[in-house]
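A.B. asks: Protein chains in written order, with the numbering used here: chain A, 1 to 379; chain B, 1 to 137.
Note that these hints are calculated values from the structure, not bench results. No residue lacks a Cβ here, since even glycine has one placed at the ideal position from N, Cα and C. Don't take every hint at face value.
With a straight-line Cα cutoff of 20 Å, these simulated PhoX-like cross-link-like pairs (lysine-lysine) come out [claimed, not checked]:
no. : chain 1 : residue 1 : chain 2 : residue 2
1   : A       : K248      : B       : K29
2   : B       : K29       : B       : K46
3   : A       : K248      : B       : K46
4   : A       : K359      : A       : K221
Computed footprint of chain A on chain B; a stretch qualifies when at least three of its residues, placed anywhere within it, have a C-beta under 8 Å from a C-beta of chain A [claimed, not checked]:
no. : stretch
5   : 64-72
6   : 88-95
7   : 121-133
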Amino acid sequence: MTQVAIVGVGIHPFGRFAGKTYVDIGKEAVYQALADAGIPWKQVEAAFCGTVYTGSTSGLRVLAQVGLTGIPIVDVENACASGGSALRLGYQAIVSGLHDVVLVLGFEKMPSGFIVSPRFEPWERQIGFAANPVSFGLRARRHMHEHGTTDLQLAQVSVKNHRNGVNNPNAMYRRELSIEEIMNSVMVCDPLRLLMLCAPNEGAAAVILTSLNTARKLTSKPIIVAGTSLKSPAYGADRIDGQSYPVKSTALPITTAASQDAYRMAGLGPQDLSLVELQDTDSGSEIIAYEELGLCPVGEGGRLLDEGATEPTGRIPVNVSGGLLSKGEPVGASALGQVHELVLQLRGQAGARQVPGAKVGLSHVIGAGGNCAVTLLKR
Amino acid sequence: MPQDTQVPIREGLFTWPASPTDAKLLGSKCTDCGEVTFPQQPSCPKCGTLTTQPIALSRRGRLHTYTIIHHQTPGYQGPVPYTIGLVELPEGLFVLAPVTVTDPQAIRVGMDLEFTLETQFTDEKGAQVVAYKFRPV
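All chains, please: the whole structure from these sequences, using the hints.
C.D. replies: Pasting the structure below:
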């Protein structure tokens with residue numbers, strides 16, 4: 001099978017940009033990725049654009065500014081997994097032989113506060129189901145009950161990721177937070193407090209994919225897409241979407257299913273990872289994802305954190321970029337923001353955030369309904 | 001419309017008309033694999049069979065997990081804080097449902113719960129909109 005590589009990445013910082021449209025934000029990431037790849041726009045043969053809140057054919061609106069070359073441009077809406085899904089489609093386009101050079105773009109401009117989503121029926125809103133942190137709170141509480149995870153550990157995730165975010169010029173929040181500050185922030189969905197939750201915001205990231213053969217002509221440091229997986233929940237999987245799910249089920253948690261798929265494809269396992277960028281929409285989700293990605297046994301996520309294993313200097317650094325907790329989450333762009341970070345890390349270009357000798361990185365996003373994308377990159 | 005008029009928050013979620021002490025949630029049972037789901041749906045999400053039968057679910061359940069919500073969520077009509085839980089029912093399913101307890105000291109995973117109905121809000125026509133909840137036994 002054709003191998004696929006990343007030859008260019010670009011990013012527009014994640015944050016709030018009152019004077020800019022999503023077109024302004026998106027095209028900056030594209031120009032940067034093209035410059036990084038050292039190729040002209042006319043060499044790109046297809047574009048897949050992750051975005052959720054910008055409206056119909058917004059990818060075309062962004063790329064019309066870069067140049068109308070007549071290539072296929074497809075918007076990909078898959079909630080928080082949109083960017084990861086777009087990357088998967090770009091990968092497939094190259095593996096199939098249909099295209100050799102593909103742009104994968106994610107961009108977003110979202111209002112602040114709870115996400116208002118038309119996917120809920122009126123009665124579901126009226127009764128109080130219609131906020132993402134409700135399901136995060138339910139999962140965190142259950143993890144505390146089953147495995148003894150503590151409020152302090154939830155706070156500690158946020159301390160770690162905000163400390164990491166200080167070193168990331170593309171992050172929205174670049175300030176260290178103390179345990180006290182987090183524990184004193186307002187309760188949102190008990191046990192999750194405000195400073196344990198990420199903020200929806202604005203931003204963009206772009207990736208240029210090519211076949212490995214073409215990549216070798218363009219750069220001496222191609223980053224190889226070693227594994228990719230995209231999953232929706234099998235019946236009975238852990239995510240709560242709708243009003244019921246079975247007590248007894250053999251379905252794997254979605255993150256577990258997706259990561260096992262990607263590991264298998266890459267011929268790699270959790271022990272091979274140099275670093276991980278995972279979906280920390282809230283601090284409970286980070287601890288649970290440690291386990292579901294196989295970084296530690298089920299139930300030991302809190303301990304892995306306590307041991308410092310997921311710190312930048314630990315055995316398996318997680319969210320050295322600052323994660324969504326400090327970057328914020330522009331949902332269409334978040335996965336490609338992770339990929340941008342991993343590519344810099346694998347090239348040894350991550351500056352103050354550099355994980356020494358990074359060889360293999362994992363990107364993980366999961367969103368509404370349980371859509372989950374996992375991407376494994378190696379140098 | 002008389003002031004005491006009551007309407008369910010959505011038709012088909014629970015038996016109606018009913019009182020808080022005899023109402024039951026209405027789910028679906030697959031005519032092929034027997035999987036029980038809530039709310040009622042015309043096909044089975046487990047096996048894809050196109051026929052299901054309505055089933056009245058048990059009034060007693062156990063709290064699997066919960067979250068106490070301290071903010072107004074989008075479109076929510078009711079007092080804050082409020083609690084949402086996953087309640088395990090004997091039919092072998094967890095249902096997402098409001099729980100009447102909002103005191104963190106008075107709620108715990110594993111507690112026994114009982115089905116009830118409560119007025120969620122009063123609509124623009126003055127009718128009381130009734131929703132399902134679980135309360136401690």
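A.B. asks: Against this structure, judge whether each hint is valid.
C.D. replies: These are the hints, each one checked on the structure:
1. Proximity of K248 (chain A) to K29 (chain B) is assessed by CA-CA distance (about 16 Å); at most 20 Å being required, the pair is judged to hold.
2. At most 20 Å may separate the alpha-carbon atoms for a hinted pair to count; K29 (chain B) and K46 (chain B) meet this at roughly 11 Å.
3. Of the pairs offered as hints, the one joining K248 (chain A) and K46 (chain B) holds, with about 12 Å between alpha carbons and a cut-off of 20 Å not exceeded.
4. A C-alpha spacing of about 12 Å is found between K359 (chain A) and K221 (chain A), which places the hinted pair at or below 20 Å, so the restraint holds.
5. With a cut-off of 8 Å between beta carbons, the stretch 64-72 of chain B has 8 residues touching chain A; three or more are needed, and the interface restraint holds.
6. Only residues whose beta carbon comes within less than 8 Å of a beta carbon in chain A count, and the stretch 88-95 of chain B has 5; three or more means the coverage holds.
7. A stretch counts as covered by a chain when three or more of its residues have a beta carbon under 8 Å from one of that chain; for the stretch 121-133 of chain B and chain A the count is 3, and the coverage holds.
Every hint from the earlier list agrees with this structure, and none is contradicted.
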